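Visitor: Read off the chains here:
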Amino acid sequence: MTVSPSRVRESTEEPLPPLPVHPMVDYTLPSTPEPFQTDYQTGTPIAIDLGRSTLRLGLTTKQEPSNVFPSVSSRYRDRKNNKSLTLVGYDCFIDSSVRANVRTPFDGPMITNWDHLETIFDYSFVHLGVSSSGYVDNPIIMNEVMAPPFQQRSNLMQLLFETYAVPKLTFGVDSLFSYYYNGGSNGLVISTGHDATHVIPVVDHRPLVSISKRLNWGGNQSFNYLSSALSLKYPYFPARISNYNVENMVKDFCYVSKDFNEEIKHYLDLDNLEKKDVVVEAPFTEFIKPVKTEEELALEAEKKKETLRKLQEQAQQRRLEKLVQKEQDHVYYTALKEKLAKMNKKQFLETLRAEGFEDEADLNKYMASLERSLARARKQDIGENDTDTGPPSWPLVDIPDADLDEEQIKEKRKQRLMKSNYDARQRAKEEKELAKKQAEEEARKDKEWRESDLESWSADRRNKLEKLIKRSKDRKKLKEELTDRKSRAAQMRMKNIASLASDDGPAVSGSSARKRKAAASVTIDDDPNDTFGANDDDWAVYRDIANVDDEEAEEEEEQMILNLESELLEFDPTFTVEDTLERQFNWRNSTIHRFLRGPRDYQEDDQHQNHQIHLNVERIRIPEILFQPSIAGVDQAGITELCEDTVLRRLPQESGFSGDDSNRILKDIFLTGGQSLFQNFEERLYNEFRSFLPVGTKLKIRRANDPLLDAWKGMAKWANTQDSKGSYITKKEYDEMGPEYIKENNFGCVKL
Amino acid sequence: MSAENAQYLAELTDKLAAAYTFKTGKKMQRRRYKPLKQLLNDDLKRTQQKQSESSTPLPNLVSYHTLNAPPSLKPIRTYCDITGLPTPYKSPHNQLRYYDKECYAIVKSMAPGVDQQYLALRGANVVLK
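Protein chains in written order, with UniProt numbering: chain A, 1 to 752; chain B, 1 to 129.
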């Protein structure tokens, strides 16, 4: 009649195919070491695009930078060989101990460690093939952040002019070089790089630095954000997630949502997760349980069975002995009671005292408890299986001792014991039969009721179920409340403890004024009336109020709920699987589950699943910060608002400019920088621009051909034009006028 | 470090060091290391001083600080701190935003300190100075 609880589980849909898993890969070195250039020429300008993460370097006669390597250096003291190692770029990653010491010259977007930068420059010039003695005979074109603090530029000048004695030097902003390379002359440059995002209007080749704006959010911040978010999402993740892994996750899986507000609403819906959830698995060595052969297993099972059987036998024997003892006691005390009924009062009391009872009530109490335990013992399994073959005979039991010899008396004692054993068993059997019959009777009545009046039956069951569920909920709530010391439940509990601890009412029971006065002046620590704890039994108070059998009761309740549910499932057509408590806790309905574990069930002991990270909401949340910096707590306007203000307000209000210039730059919105590689970035920007521009405004958005290398290429292209020749500051000028002297150019190098 | 690596890297260091012939030998002045924050503060002071020194106000003075984007004038949208879904709800006792009652259960039973970590993600944590 009962349905196994597993049936409830089985009735779900087909098992879903597993999601594709992306492995978390470790950093890999390029296969060839950093190349040394052989075609070095003196006098040819060198372009250096010193990025926060990568340095791009080369002679400007080339199409591409000849050397591209990470802008890091590492110093390591090899104690074994007593040697100091100074390494730069990819060389830092050859050995793990060197790698641990990797330092960048940057702090945020600024260069702060000039020693490291010098090391990197040394390395750069060597790889370019510079071999002159005492100076580097090439003009240098370098990038700088937009409007850097004066100290940055002066230090760079000092380093290049004094340590390397370069003849000429000029600076420019990398995103503007990128724009230049992509053939722009009028446009709005949106450059979203490693540490910041800039919005720079360019009119007639000239960047309007004074109305450019910078949002302090870049790729690096995105990586850090995802890294902290992941450590909060999976606080007990068993593997280390390196910065490199996080960077890859952002680069590979994040994308700009075309319509964030709509998309995010339904991101954790199952059908969307099926498409968008990304599983990244950290590498781990799988622990495989040693597999035992069939024979070994069988042998083990046999052994287990044997021990179990032995233990059961012993337990049965013990129970039987106890039962017999109790039955004998019962017979004895019943006889005693009968005897007592015939005695007079004095005798009565004396006999009672002699038996160890205080009065008749005590005896009755004892008898009642004896009967109860007897009934319980009879119900237990006491091995009645082996009494199938009719009642054996005990011929000696009824013959008086006088008629027997010694051997026979011994035998008789044995037989008597066996007989009482047998009788006890028989009685137990009867009790069981009776209980079984009662249960059957109840089931029959229940069935009758159900068949005659299903409605009231199911109402009754539902009622019971509801009560049970409510009780378990209440219990949970109480438990939760008890964790808060200030809650009412906790206060009540403390009150209970206090009243239990003080055995006879209020502590001050004496009526004399002196006593009361004394009581008033004592604190809880030196209250003479407070003897709690003097007796070890006092502490039992805590045992009384701690709900030891809470867990047991909970389990029982759960079982009852399951039983009721399965009954209802079987007979009540209106009660479906969806109504069961289990189904209501289904992972499909859990937002948290879908967020943490994606659109699949989660097995706690599956090692693969434990090493998996699910990226879902993060995929659009991270790039969205550029549009809504408030998500990450950055109190600045997002890209859209910055562009809107620039185009509609700042530019037309700037003296010498008008709305016509705004319309001109709208025809060329230019995206560059590492973060512009996010998918859909252009589409999203287009939609955002459309939302604030008048209908019919001409609008074009494009991205740099290669957002990473175009800045360097722009430098190289510019170096070969006549325009660049006049922009250099020579060493002579520097020596004469110092770092304050600067020649402004069209690449954002302005007087500070 | 393996012996192989050690030798390779030592040779590499020596080879490079021998090639640094292009340096003037003039060391850069030793400068005190300045972290980013101090650097920006110094720059701010420098521009302020420049402003005050000049008799006429400098209209086109550009510095790292003037480029900072202004705060947004648009109402901010709020999202669940745990799942990132849009939500109007906010827990009264630790200010965390939550999406549904399931998230609220987590927010309520959060270990001390974890709520601050969540808040730190959107810069709303309490910073003791």
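Honestly, the hints are just simulated from the structure, not real lab data. The structure displayed is predicted, hence computed values, not measured ones. Treat the hints with care, since some could be wrong.
[Claimed, not checked] Simulated crosslink set (DSBU-like; lysine-lysine; CA at most 30 Å straight-line):
hint, chain 1, residue 1, chain 2, residue 2
1, B, 101, A, 467
2, A, 743, B, 45
3, A, 698, B, 74
Visitor: Going straight from one Cα to the other, do residue 698/A and residue 74/B come out at no more than 30 Å?
Guide: holds (25 Å)
Visitor: Is it true that the CA of residue 101/B sits at most 30 Å from the CA of residue 467/A?
Guide: With a Cα-Cα distance of about 23 Å, the restraint between residue 101/B and residue 467/A holds, given a limit of 30 Å.
Visitor: For the pair supplied as a hint, residue 743/A and residue 45/B, confirm whether the alpha-carbon distance does not exceed 30 Å.
Guide: Answer holds: residue 743/A to residue 45/B is near 24 Å, not above 30 Å.
Checked against the numbered hints listed earlier, the structure breaks none of them; every hint is satisfied.
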